[in-house]
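We have chain A; now place chain B onto it with these hints.
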Amino acid sequence: MHFSRLTLASALLFATVAPAHADWLNFRGPQGSGFDSAAAKTPAELSEKTLAWKAPLPGRGLGSAIVVGGKVFVTAASGPEQQQLHVLCFAVSDGAPLWERRFWATGRTMAHSKTNVAAPTPASDGKRLYALFSSNDLICLDLDGNLVWMRALTLDYPNASNSLGLASSPIVVGDTLVAQIENDSESFAAGFDLLTGINKWKLDRPKSANWTSPTVLEKDGEAIVALQGSDGVLGLVPSTGSPVFKVEGGASTIPSSAASGDQIFIPSNGLTAMRLGESGESPEKVWNEPNERPGTASPLVIGEKVYLINNAGVLTCVDRGTGARSWRTRIEGPFSGSPVAGAGERLFIFGETGIGQIVDLSGEEGKVISRIELGETILSTPALSDGALYIRSDGHLWKFSGEW
Amino acid sequence: MKASSALLAASLCLTFSPALLSSAEWSGPLQQILKVGPEGAGNTEAAAAWADLTAHGPEVILPLLEAMETAGPIPRNWMRSAVETVFERELAAGATLPASQIRAFVVDRKNEPNARRLAFDLYGKVSPADAGTLIPGMIDDPSAPLRREAVARLITEGNAQLDAGEKEQSLATLDRALDAARDIDQIDTVAKLLREKLGQQLDLPQHFGFLMHWHLIAPFDNTERQGFDTVFPPETEINLSSAYEGKEGKSVTWQEYASADDYGKVDFNTPFSPLKQVTGYAYTEFTSAEAREAEIRLGCKNAWKIWFNGELLFGRDEYHRGQRIDQYSLPIKLKEGKNTILVKACQNEQEQDWTVQWEFQLRLCDSTGTAILATDRKPTPEKSAPARRPTAPAQ
Chain A
1 MHFSRLTLAS ALLFATVAPA HADWLNFRGP QGSGFDSAAA KTPAELSEKT
51 LAWKAPLPGR GLGSAIVVGG KVFVTAASGP EQQQLHVLCF AVSDGAPLWE
101 RRFWATGRTM AHSKTNVAAP TPASDGKRLY ALFSSNDLIC LDLDGNLVWM
151 RALTLDYPNA SNSLGLASSP IVVGDTLVAQ IENDSESFAA GFDLLTGINK
201 WKLDRPKSAN WTSPTVLEKD GEAIVALQGS DGVLGLVPST GSPVFKVEGG
251 ASTIPSSAAS GDQIFIPSNG LTAMRLGESG ESPEKVWNEP NERPGTASPL
301 VIGEKVYLIN NAGVLTCVDR GTGARSWRTR IEGPFSGSPV AGAGERLFIF
351 GETGIGQIVD LSGEEGKVIS RIELGETILS TPALSDGALY IRSDGHLWKF
401 SGEW
Chain B
405 MKASSALLAA SLCLTFSPAL LSSAEWSGPL QQILKVGPEG AGNTEAAAAW
455 ADLTAHGPEV ILPLLEAMET AGPIPRNWMR SAVETVFERE LAAGATLPAS
505 QIRAFVVDRK NEPNARRLAF DLYGKVSPAD AGTLIPGMID DPSAPLRREA
555 VARLITEGNA QLDAGEKEQS LATLDRALDA ARDIDQIDTV AKLLREKLGQ
605 QLDLPQHFGF LMHWHLIAPF DNTERQGFDT VFPPETEINL SSAYEGKEGK
655 SVTWQEYASA DDYGKVDFNT PFSPLKQVTG YAYTEFTSAE AREAEIRLGC
705 KNAWKIWFNG ELLFGRDEYH RGQRIDQYSL PIKLKEGKNT ILVKACQNEQ
755 EQDWTVQWEF QLRLCDSTGT AILATDRKPT PEKSAPARRP TAPAQ
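Protein chains in written order, with the working numbering: chain A, 1 to 404; chain B, 405 to 799.
The hints are simulated quantities; they were obtained by calculation from the structure and are not laboratory data.
All clues stand as given, with none of them false.
Each computed DSBU-like pair below joins lysine-lysine, with the alpha-carbon atoms no more than 35 Å apart:
(1) A:Lys49 to A:Lys127
(2) B:Lys680 to A:Lys114
(3) B:Lys439 to A:Lys127
(4) B:Lys596 to A:Lys114
(5) B:Lys709 to A:Lys200
(6) A:Lys367 to A:Lys305
(7) A:Lys114 to B:Lys709
(8) B:Lys529 to A:Lys54
(9) B:Lys529 to A:Lys114
(10) A:Lys246 to A:Lys200
(11) B:Lys737 to A:Lys207
(12) B:Lys439 to A:Lys200
(13) B:Lys709 to B:Lys742
(14) A:Lys367 to A:Lys285
(15) B:Lys439 to A:Lys202
(16) A:Lys207 to B:Lys651
(17) A:Lys41 to A:Lys71
(18) A:Lys71 to B:Lys529
(19) B:Lys709 to A:Lys202
(20) A:Lys246 to B:Lys680
(21) A:Lys285 to A:Lys200
(22) B:Lys709 to A:Lys207
(23) B:Lys601 to A:Lys114
(24) B:Lys680 to B:Lys651
(25) A:Lys207 to B:Lys439
(26) A:Lys127 to B:Lys529
(27) B:Lys787 to B:Lys596
(28) A:Lys71 to B:Lys439
(29) A:Lys200 to A:Lys71
(30) A:Lys41 to A:Lys367
(31) B:Lys787 to A:Lys114
(32) A:Lys71 to A:Lys367
(33) B:Lys680 to A:Lys207
(34) A:Lys207 to B:Lys654
Label-pair restraints from in silico Cβ distances:
(35) A:Ser208 to B:Ala664: 29 to 39 Å
(36) B:Arg513 to A:Pro158: 29 to 39 Å
(37) B:Thr537 to A:Glu48: 35 to 45 Å
(38) A:Glu248 to B:Glu755: 20 to 30 Å
(39) B:Gly476 to A:Glu248: 40 to 50 Å
(40) A:Thr322 to B:Gly476: 49 to 59 Å
Backbone N, C-alpha and C fix where the C-beta goes; we use that ideal spot for every residue, glycine too.
Bound-form chain B, shown alone:
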């Protein structure tokens, strides 16, 4: 009996061993899918490869999950649909699925974050109870979609403790949830509970990694939206003591600005009063402890451009279609020491009350959304009484 069990285990191992499978017959189709390129290049070959892969049984699931490690977003989607197609078909047919290997793939934090989340979902279908036991351990997981599950549990637990009048326990639980949370909706939920139910002071800008201290200069012209493509002096030199000719020939100079907004909003209308058809620039420096990969994440409902260490990262000429935290994610490579960030924000001619905003919010974080803080980060400014702001834009 023992011998036959061992044989069965060995047989299963042999059947599902990723090391063996990676060099097997599907390496060709996998390579083909990895070749899918821009504008549909390689689609035809990928479709044939997809058909090849999905003709296999459960033995192809692990190699597909593993291949996601080196895949870009499009090949990863081809692979995902192949994994799920095979998995669902085999599950419905009552086939033996490589549950323990899928579980091992989930818990191995070196694997690709989205692939791990997918594997977790698959594992939950074959072993829901055990999948549930994995969740608490994901509270510091580098895969944001997995971490989310653990944070959600803590929020539920903290809420229940609040309802039961266990304030101290709830505070500890929700503090852990806030430390771990990376998704905006979860951070908002926890912050609201901590502030409103438990009277806590929170430094959300630091939690998110918003950059709060800037130098601003404005207004330059943006009549007929021409400012977006016009090169004004801050795009060619950063000299914070210089004066330049701005809109209508008026002299403009850099001025210091500090945001106290929970979500790091940098509001040009505050120092310059509401203006229309204008362009402004914001400049700041970020001292990094090390050279590393990072992301600049921006929210802005005005047309904008961003330069990082003097290089144009991206620009977008859309006005007043909405703004949210992390609206745009721009990969960067931080240098050790000083890095520079220049933001151009253009305000257009619209006069509806929802087009007054001339602002942006910008944070630095890693790919999971974890804040990266400057070594010389200044304290977050205290909030003062909100200043009255005119609602009618001046021309």
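Next up, chain A with everything else stripped away, as it sits in the complex:
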């Protein structure tokens, strides 16, 4: 009886704290790569009919929404120099504001006019929220808005900033929050303890501005976090920062890689596919396609296909195993955000002019099956959760749902 109670309690605790499949925990969702195979339902239409709700947001922001435990979280920055930082929480069901926490930026808030201080997407482990801003303020709150810890990384590392603005989004891997604070001066990446915010590790990175975000590879059940930068891709043990592999030869500093299992598709010399070696070390090149160049949007891997969008707004599908082009089609860009997809063979992408599109991937060629004009600049990447899509502009957060 006693044992049963404990078991039940443990089971309930696990059910409470473990991230649900419906959660979208960070930039580009699972593995930071944009594809959620568990998202069986995704909207078939973007329209007034499927618009579930629209919530106003303060100030500016282009970090994506994340969805955790029936709540949607998003960050923003306001004020004449964007020195007011906001973390906002909304109810998934109706978009009702649940709580908001505000902070003063402690680091530099200068950014190019196109981007802003709330450019990084927050991350979660299912229990807490980790919000990073371009000012290098890193704030941990629980899902009810209780403050757990704060870091003021520019006070700790005074030259760690980018006058154009930082935009890399952190990710939780196991028991570590991994963030890239990469810039021309005091450039570094770090792993932070989830409960205290203390550095678990910190390593110097190339002195070069870098807006890419970490992705996560898997090898024999072990996670390896991949840091992309101007010099290539570095694979690390997330909890220690110990190096596992290095892909030389340089890589883009804007679109991020996409990871799938033990393969990574890197925006490098066009697009380069690598597969990890036997023990995760010595990755081997599977293919390289110099003519397949992702623009600002990061590539997306779904099953046996890789999708990329170039700066001309051309969506291209290539074979995962060979890199051979299957088809290409022009969609309405330009794009700053990246595409995402669930299991339903539909790709979701929003353009800078506020046009959202769904591309049906089930046929011989990609076909836009739904289109909506939101009338606001959209620089962010959608989030998918529980059959719904979330997208934000500076001024609003939208939820589309239904018509699966």
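Coordinates of chain B only, in the frame set by chain A:
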């Protein structure tokens, strides 16, 4: 009736009296939050303290606001989120909030400027109409975020007067706005109106406190960006009559330079022509009326270092990622009399048209952005016709 009102007032006073509260049960948690240090030190204890504090009711709001006076930027943020958490929760619950004490905290100019702005926002939620009446009195407020509200009102008023054809009134209003404005965007807005709509001559460099008169020396080498860490002679001695060996063995000497730019830009390309992979130095002196705290505020898109009275203040090796007024704020202590400022500016190898600039802009002000002027400040140079500048950098 009178007696019960008095009792109620006394009771409210007792409940919300900051003097009593500061020594009460939250002084421990507040002290814990004040201990938060670099690299996350004290986070765990601060989280427990934050939970303690936010478990209280409205009585904790004033002590938290007051504690911000001695708090650094990180503890202040812990306190801010605690204040707002309690305030929002209690407001939603319909609890009685210490409105009059919050108001008193706002108007007391001795309180911490950011805390006062926060208190003003809180007060606006419980008493928006009265909060609005406070704004005009903030026109000379030492809290820049509060002053901003008053300036914004004057700009609106001046614009309305302009639209109504009341030029004299508008001029008076906008003059007051310019005198009071400390935020760059507001200064720009007012200056544009005064110049373009009212034909006024303005000395913006003096308003901002930009340093306009310098001695420049260049070019020293910065091939492969090595110049940033190389110690060239101006870093070891300031002798304005000396000649030194510069890049490629050429002799370089100090030369006088005066900027006429509204925003104080000191342009190395003007005397030395556009160059690449070079290092330059700018030197000036500032005569202060008194010993006081101040800030050097710099805008620069080249790699730079600054020495103040011979001590290195800070340096940054970032190139061409953007420049703006007040991009960097560096606290200093001015001496009475002569103070020296040396700026090192490095130009790199990039050749895109947006990497031609080899310049900086530097002003002295207090922490609110109010200009501090030298006792012997020279007149701002007259603007001449813009010189044609080659766009292609020479190697």
